[in-house]
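A.B. asks: Given chain A, put chain B in place with the hints provided.
In case you want the letters, here they are:
Number of protein chains: 2
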Amino acid sequence: MSNERLIYLPLGGAGEIGMNCYVYGYGKPGEERLIVVDIGVAFPDMDGSPGVDLILPDISWLVENRNRIDAVFVTHAHEDHVGAIGHTFEQLGAKVYARPFTANIARHKLAEYGVAGESVRTCSPWPETVTVGPFKVGFLPISHSIPESSGLVIDTPAGRILHSGDFKLDETPLVGEAWDPDLWAEVSKPGVKALVVDSTNVFSRNPGRSEATVGPAVQDLVANAKQMVVATTFASNVARVKTLAEAGDRAGRSICLMGRAMRRMIEAAIETGVLTNFPKVVSTEDAQNIPREDLMLIVTGSQGERRAASAQLARGKFNGITMKEGDTFLFSSKTIPGNEKGVIRIINQFSEQGVDVVDDSMGEYHVSGHANRPDLETLQDVVNPQIVVPMHGEHRHLREHTRLSQGKGRQGVLAVNGMMVDLTGNAPKVCDYIETGRTYLDGSVQIGALDGIVRDRIRMALNGHVLVTVIIDEDDEPLGEPWCEIKGLTETGRSNAPLVDVLEEDLSQFIGRAGGKTLRDDDKLEEGLRRIVRQSCLNEIGKKPEVTVVVSRLS
Amino acid sequence: MSNERLIYLPLGGAGEIGMNCYVYGYGKPGEERLIVVDIGVAFPDMDGSPGVDLILPDISWLVENRNRIDAVFVTHAHEDHVGAIGHTFEQLGAKVYARPFTANIARHKLAEYGVAGESVRTCSPWPETVTVGPFKVGFLPISHSIPESSGLVIDTPAGRILHSGDFKLDETPLVGEAWDPDLWAEVSKPGVKALVVDSTNVFSRNPGRSEATVGPAVQDLVANAKQMVVATTFASNVARVKTLAEAGDRAGRSICLMGRAMRRMIEAAIETGVLTNFPKVVSTEDAQNIPREDLMLIVTGSQGERRAASAQLARGKFNGITMKEGDTFLFSSKTIPGNEKGVIRIINQFSEQGVDVVDDSMGEYHVSGHANRPDLETLQDVVNPQIVVPMHGEHRHLREHTRLSQGKGRQGVLAVNGMMVDLTGNAPKVCDYIETGRTYLDGSVQIGALDGIVRDRIRMALNGHVLVTVIIDEDDEPLGEPWCEIKGLTETGRSNAPLVDVLEEDLSQFIGRAGGKTLRDDDKLEEGLRRIVRQSCLNEIGKKPEVTVVVSRLS
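Protein chains in written order, with this note's numbering: chain A, 1 to 555; chain B, 1 to 555.
Here chain A stands alone, though its shape is the one from the complex:
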């Protein structure tokens, strides 16, 4: 028997929804050759990551084992699967493999980092395969909410793995390949060791609905609208954008796409031939001269993002267009948890403008791109894997999906980010724990989520910030009085005197009382001054602020 092994290691996406990054390895323990599947981003928020631009998986382990990486495969072009490709390409130093549409998007991302397009190899779907190290990998088409989504067939000396990617079982997806149970059954016939599988909708009890079911309701809505119609959806949902555009077109309206991401996606879909027969669109300049009852805009910003087209229209104007009383705004989307307030904000702004907002609260104008619980069961029945490894989900999703699989008499493995699972034998086992986490892209630099930088920002936001400067002369005597500046705190507290005056008075008294031992010792002096500020603020305003002390010594 060889002592080689087959390992699975999620570094992102297993324990959260977002920043997917999965690693497979084969070889002697510690010397496995590796492939990476997907390398996506997650999005920051004010609660946990204020000021951060993007959240990336912590790939330190991959960087340490860089010479063992043979390839990066990207299943589809959603940001949570491809978004970090540009930020990590140099660190990983491996070629990227993807199907044409995904490759088109990936190349644009790499170009921003000055990486040449040939670093991305364009692949054809199964039965074509790519051999990298001990792996033979093929892209197996499956339906999702973006064109050319693919599962991966990963053949290894220890058996075949099916990595589902994000998927739904849609036989009429309108754009891109339909779910083809015969194809998946055929690929599974030789026996599948492990099905590594999307868990997003494991709590959704009814079978998923096809993309094709959205069209009629949208057509009705657009046909009956009196004034301008504006619709928003996820820019990457090319099928939906087409459905929306066709509804406008049939109602005799000119179609205008607004928002950079929307135009970029449609452009890539047309360039790569996955999108055909898209209605003719007009430019944003021309749109301004079309009577509003003859116009339909399809715009970015379904999640209420402040800078996207929807939010700008809600605030007043975008690309020369303003909304008016009697216009219709359609959310052909669902609100991702955490984005509710932003979405509600723009709905209220539209309400103030007299715009009629229609959303998917009745389930007519949107369908999910992920397989629901019965569909997950169907996939297992078709693939009949030895082991089920739930991925793409929070802990609750992975746990439920594991239990679902076990309930069907299969081995299920609950593996979260950092858990290395040995899939070689009959029973999967966790064989190592890798340190993982999140890396923040902050401006132009990457910082660790636990570096304390973001923690300091949150503290300043919660507590305000007081700056104290003190000058100590050559004889270790204070020169002048301590000086305070406040930021993010009220100017006047309980005593009705300016807060800085109260603080400076208290600090002066402290310095007056302080002995030479304190005045000569920066740490002692700073600690003392900080304590005084926090105590005085607590008395005056009921808060203990962050304090920065600068002791300037003349020498």
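Simulated from the structure, these hints should not be mistaken for lab results.
Some hints could be false.
No farther apart than 25 Å at their CA atoms in a straight line, the calculated lysine-lysine pairs in the PhoX-like style are these [what the hints assert, rightly or not]:
#1 Lys544/A - Lys487/B
#2 Lys324/A - Lys429/B
#3 Lys136/B - Lys95/B
#4 Lys487/B - Lys524/A
Just a few of them, taken from the derived set where beta-carbon distance is under 10 Å, the chain B residues facing chain A [as the list claims (entries may be wrong)]:
#5 Asp45
#6 Val274
#7 Lys487
As the structure is a prediction and not an experimental result, all values here were calculated from the model.
Ideal placement from N, C-alpha and C gives every residue a C-beta, glycine not left out.
C.D. replies: Just chain B, lined up with the frame of chain A:
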């Protein structure tokens, strides 16, 4: 004809859900005698109000017209209706009127501010009335999700107003008075000038469900649970707490209430006689010694609040109790928009502990406390008012509710916070705009939402903060080098040198180049230093931070 008029002025709650505060006035324009209905709070969040403790309506207008206020009426004891009573009592200087349960809660809030209990007058329900100035006001029982919720019958020389308060049409509310259509019809018989009415659920198309429908599902769940059961709901939903406790009791479990708010509410409900036959509860100490399969906890924290019992149990331990694999945790509640992430966080933490979490996603374990669209129509039909004034809603709710009323052939008025509406004549008209907004309780002080204090906090959180100190001697020459401190920024940027070193170097060069004109002028010097810091940071780390400059002049 007299030139007296009847006015309605919302100061909070009309254009948002939260911090309700409505004013009615009668008299000569500008001399109307006033009553205030409700004075509640809203809750801060990291996005818009970091570090803030509570959000109160801006009552400047009331304070300016303090001598015209005859009374404050509180319809029910929810925080968004009574929460600001303590913080504003001294400013308003008026007696508070409420029914016994609400009065009990209000007195506790006033006691925290050292206000004596007799400032709150306890009222009996209609037909008893209170006469204050030109108003005769009665508390008209109606069902909601807290005991003794009441509408107000407000009789004025210009006619009768019905102020609905928060309500639902529940004929079996379990605790507190049922919806009594005959009573409301009888009160409406003489003719109702205006129905001022809750709009929260105007978008919910199906009739609301009774509190009584929750019991059977909860009983099933608790009866079938194998290990400990923990349930959370809104602490003030006394009927629900009773339903939960009874389910536990019937299943032979000891009941333990955890969380201060939960115990406070049940205590008040028992003290005032609105809650009877509540199952016997055990103390938190005793609970620790009861086998977990015989125990049921009812706890605070249904919204994922970090300090509440639920979140503490999710993180590990609360009152000596830890959750274990096989326990059941029930959310008998809905998640209020904006709280999704906090709730999902604790669900995932429970998942990691092996706890089975059950929520209301299938609509079995919770019902809303607000009237749905068909119920709003029913109330209008019963009351048959001349004018409908939607309140208690965001703009979208008020607009929809206004249109609903107009669709039924009534006059509807869309009045948001600050719009003073003259209700005297046959047609309501907006007669004034009052400056309103939000006041933040921040530590122990109140600050204006637009004072710039919170804006500065948000900016520090997004951009980080750089402090620069420079000492200028008696001859207007720099003494030593500029000094930088950073907070909330990475220590090392693009050039791999410490960021502070790069900044100090750039600042030194600037100061070296600066002429006497700049060095003598604090504003010019500060502006120059700030600009250098922002530009250097942009180069080094791709961010422009907040900058505070302290120029110390020796004199």
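A.B. asks: Would you list, in rising numerical order, the hints stated earlier that this structure does not obey?
C.D. replies: 6
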